[in-house]
Amino acid sequence: MSTTELNEFPSDAFRALLAISREQREFIKRFMECSDEVQSVVRSMFAVLEYAYSTDEDKQRAFSTIADALFLNPENGHGSYGMDLTRIERDSAMGHPVESRRSVISNRLDQLDAQETSFADRLSKLLIEKNITQEELADRIGCTQSAISKMLTRNARPRRTTIFKLAEALRVEPTELWPQLEVAAILDSVSDFLADRELTPEQAKSLEAASLRPPVKVKTRELPSRKRN
Amino acid sequence: MKTELDKSFLGHIIVMKRPILPDIGWQMRICRPAFQDFQRIFQRYYARSILNRHLLKLRWWDPEESLVIDLRWNVVPGTNLMELLVEREGEVSSGVRILFCEHSPNPSEPTLWVLGGLRIDEQFGELQRTIYSGRSLIVQERAD
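Going line by line, the protein sequences match chains P and Z.
In terms of our numbering, the first sequence is residues 1 to 229.
In terms of our numbering, the second sequence is residues 1 to 144.
To be clear, the hints were calculated from the coordinates, so they are not data collected in a lab.
Mixed in with the good hints there might be a few duds.
Stated by the list, open to error - Cβ-Cβ distance ranges computed for the label pairs, FRET-style:
id, chain 1, residue 1, chain 2, residue 2, range
1, P, Asp12, Z, Glu109, 47 to 55 Å
2, Z, Leu67, P, Glu26, 31 to 39 Å
3, Z, Arg72, P, Ser149, 30 to 38 Å
4, P, Arg87, Z, Arg40, 16 to 24 Å
The structure displayed is predicted, hence computed values, not measured ones.
All C-beta atoms in this analysis are idealised placements derived from N, C-alpha and C, irrespective of residue type, glycine included.
Please model the complete structure; the sequences and the hints are all you need to start from.
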């Protein structure tokens, strides 16, 4: 049967099908190849896209879920679906499309490793100096001994709050554990602020509340030249 | 909207098996849409790398403990999803809510899947649960 004959087929729906683009036909083909469960997910994602109250972020998430369902893109050496989280950091640095960026990213990763090594060394030294066991420290900061052990073996990067808790428990300044603590926080804040195109209502509210809070009293030490006699 | 979503797969009753903490830690895998979520939340590679290091703490996720090393986690009610809260303190931007689930096609390799994430200050309601439950279903269908 030729296309001309098909066009004479007395069905509007069938004629509409012939009029669709190659991409649309490919989309339908891929959708039909999916299992009933995955087709159901794709339909739900379309419902999210069409829902009047979906935010742009929700629509992007739904869209990337549809793309994942219909366009399989297995990674070489990573199995048929998904990626190995332990390898993704180095792999994506090495696979960066801009070759000159690869070494920059790699250096930043080395910097993260160095921060964690330095922290582990400092914490280990302080535990010995102050004769505190991992169990005691864990009790003092409200975590498990296993968590302390993972931090000491560089298997877990501590949160900022955890560094403060550890410093308090060990009666040292937080910068004794993590020297670049303040600098890193300021740089991160500035960078995040610059990256924000627009503040969300929540962020604006939190910024306003922060500006109305009384300033924090910072412990200071008089410089020798200013000491009164 | 509710009816429309319920008709698909959210109407099914999800029975969550109680995972057992493996001795050698969990294998960690991430699905592509999760990677795209993080790229949108953190534009800088450096910030994503730090997030990645926090995510790797899930290797020692113990369903019996309320913390994963120093991060809080919860079960998302009515789903097979779990959320890990990577909070950031003293800064304008909020933390990130990471959605993950357990799916181990090979029982000798207990595996956790990172499904994606959203800012903690974003709404996390039925719509968002639909998206992440959908991703979890794709993982269960596709991962082998």
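Hint by hint, here is what the structure shows:
| no. | hint | result |
| --- | --- | --- |
| 1 | P/Asp12 to Z/Glu109: 47 to 55 Å | holds, 52 Å |
| 2 | Z/Leu67 to P/Glu26: 31 to 39 Å | violated, 47 Å |
| 3 | Z/Arg72 to P/Ser149: 30 to 38 Å | violated, 20 Å |
| 4 | P/Arg87 to Z/Arg40: 16 to 24 Å | holds, 22 Å |
Violated hints, listed in ascending order, are 2, 3; each of the other numbered hints is respected by the structure.
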